Amino acid sequence: MMDTDHPDNASTPAPAQKMKRRRRREKKRLVSVSVVAAFVLGILFLIIFNTVLDQTYTEEFCISCHEMKDNVYKEYQYSAHFTSRSGVRPTCKDCHLPEKGFSKILRKIEAANDVWHNLIGSIDTPEKFEEKRAVLAQREWQRMKTSDSQGCRSCHDPKSFDFSKQGYRSVQQHEDGLLSKGQTCIDCHKGIAHRLPRINQKINQADPPGISEEIFRPEVVKKEESSAK
Amino acid sequence: MKKRFLAIVPATVLATGLMLLSGISQAADDGGLATLRGAPVSAAEKSPTGDGLKKALETAPVDRNFDDQPPLVSHAVDEYPITKDFNKCMDCHSEANYKKEKATKVGSSHYKDATGKTLKVVSSRRYFCVQCHVPQVDAKPLVGNTFTGPK
Numbered sequence: 010m011m012d013t014d015h016p017d018n019a020s021t022p023a024p025a026q027k028m029k030r031r032r033r034r035e036k037k038r039l040v041s042v043s044v045v046a047a048f049v050l051g052i053l054f055l056i057i058f059n060t061v062l063d064q065t066y067t068e069e070f071c072i073s074c075h076e077m078k079d080n081v082y083k084e085y086q087y088s089a090h091f092t093s094r095s096g097v098r099p100t101c102k103d104c105h106l107p108e109k110g111f112s113k114i115l116r117k118i119e120a121a122n123d124v125w126h127n128l129i130g131s132i133d134t135p136e137k138f139e140e141k142r143a144v145l146a147q148r149e150w151q152r153m154k155t156s157d158s159q160g161c162r163s164c165h166d167p168k169s170f171d172f173s174k175q176g177y178r179s180v181q182q183h184e185d186g187l188l189s190k191g192q193t194c195i196d197c198h199k200g201i202a203h204r205l206p207r208i209n210q211k212i213n214q215a216d217p218p219g220i221s222e223e224i225f226r227p228e229v230v231k232k233e234e235s236s237a238k
Numbered sequence: 107m108k109k110r111f112l113a114i115v116p117a118t119v120l121a122t123g124l125m126l127l128s129g130i131s132q133a134a135d136d137g138g139l140a141t142l143r144g145a146p147v148s149a150a151e152k153s154p155t156g157d158g159l160k161k162a163l164e165t166a167p168v169d170r171n172f173d174d175q176p177p178l179v180s181h182a183v184d185e186y187p188i189t190k191d192f193n194k195c196m197d198c199h200s201e202a203n204y205k206k207e208k209a210t211k212v213g214s215s216h217y218k219d220a221t222g223k224t225l226k227v228v229s230s231r232r233y234f235c236v237q238c239h240v241p242q243v244d245a246k247p248l249v250g251n252t253f254t255g256p257k
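So the protein lines, in turn, are chains D and E. For the first sequence, counting from 1, position 56 maps to 65 in the numbering used here; every step adds exactly one. For the second sequence, counting from 1, position 96 maps to 202 in the numbering used here; every step adds exactly one.
Next up, chain D with everything else stripped away, as it sits in the complex (with noise of 0.2 Å):
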């Protein structure tokens, strides 16, 4: 500040000077009102943001389009992951939105997407639906496969697996593929809630090709021979 007449300096003010000071204190006064007042609209702008953005993380919302309601959710029904003997049911979000803030927003950004082929209905019959499941699930396994499946581990955490109650298969494969070889959950279990899409299992020859066995199943190259085993 260049004031060179400080107020503490004077002990009896001239007109001038107090006009200054009150002015200089109201806007003190203003700037710490639009400050407080910024704060507070800025948490509400964050609660309703919140709020809403939340109402579209329910399946509720999900399945109020009929693209979703009418294909994967329905197959979603016949899956483990809808009805089990304990009864411990993920949703929508839990396997198909990144759980941290940033990723998770960027997510509903991308997903935005969705929307607009709604309304110009790209996949609104099963039918188109059938005929996009490839690239759709394909769009999904990888990214399921870039954040190490995410979405899997938030409830299957394989430092909690008890091995003494997997069947041998699944140890082997776990110890191998999983723990060695630093495969990740979807590169194996793929299809678990939602029909697959045609894969080429080299079985068949009349039908179309579908999607090949390199990115169905893919092979890992290990990152080091375990020696521990």
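Do not take every clue at face value.
As the list claims (entries may be wrong) - Simulated pairs of lysine-lysine, DSS-like, Cα-Cα distance not exceeding 25 Å:
{"no.": "1", "chain 1": "E", "residue 1": "190", "chain 2": "D", "residue 2": "78"}
{"no.": "2", "chain 1": "E", "residue 1": "208", "chain 2": "D", "residue 2": "190"}
{"no.": "3", "chain 1": "E", "residue 1": "194", "chain 2": "D", "residue 2": "83"}
{"no.": "4", "chain 1": "D", "residue 1": "211", "chain 2": "E", "residue 2": "226"}
As the list claims (entries may be wrong) - Some chain D residues near chain E, calculated using beta-carbon distances under 7 Å:
{"no.": "5", "residue": "31"}
{"no.": "6", "residue": "44"}
{"no.": "7", "residue": "173"}
{"no.": "8", "residue": "174"}
{"no.": "9", "residue": "176"}
{"no.": "10", "residue": "205"}
{"no.": "11", "residue": "208"}
No lab work stands behind these hints: they were computed from the structure. Predicted model only: the values in this text are computed from it and were never measured. All residues carry an ideal CB built from backbone N, CA and C; glycine is no exception.
Following the hints, complete the assembly by docking chain E onto the known chain D.
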């Protein structure tokens, strides 16, 4: 009025008695059929608990009981899809993958079509694996028998 009522009572009793009697005689009448299960044929069957059938025996494969018996599946197959798009069984048991998965290879008979011609791929009439191959379970025969199997 009273007389009429008095007449209805014995008629009702008689009718109920007749119905009961006919019911009993029906239950006892098996038409001369004998039964191996120990209970009369017409008796309501006690529902099995099915406990032994719920879980597949994930042990070594149980031996075949007769020649050409489709081998039993030595693991659970719940939620293994066999659809037009994907056959989960063939994910491990196919020619291409059985070595990697240390699984049994699909039998050579499965490559023959209805006319006996050998195909390059699995014959579509063999596509639905679980039509013949079922998971092995701890199922005791309902009726004892003397069958000994191949020898």
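Okay, the hints, checked on the actual structure:
no. : hint            : in the structure
1   : 190(E) - 78(D)  : 22 Å, holds
2   : 208(E) - 190(D) : 18 Å, holds
3   : 194(E) - 83(D)  : 20 Å, holds
4   : 211(D) - 226(E) : 10 Å, holds
5   : 31              : 78 Å, violated
6   : 44              : 58 Å, violated
7   : 173             : 13 Å, violated
8   : 174             : 12 Å, violated
9   : 176             : 5 Å, holds
10  : 205             : 4 Å, holds
11  : 208             : 5 Å, holds
Of the numbered hints stated above, those contradicted by the structure are hints 5, 6, 7 and 8, listed in ascending order.
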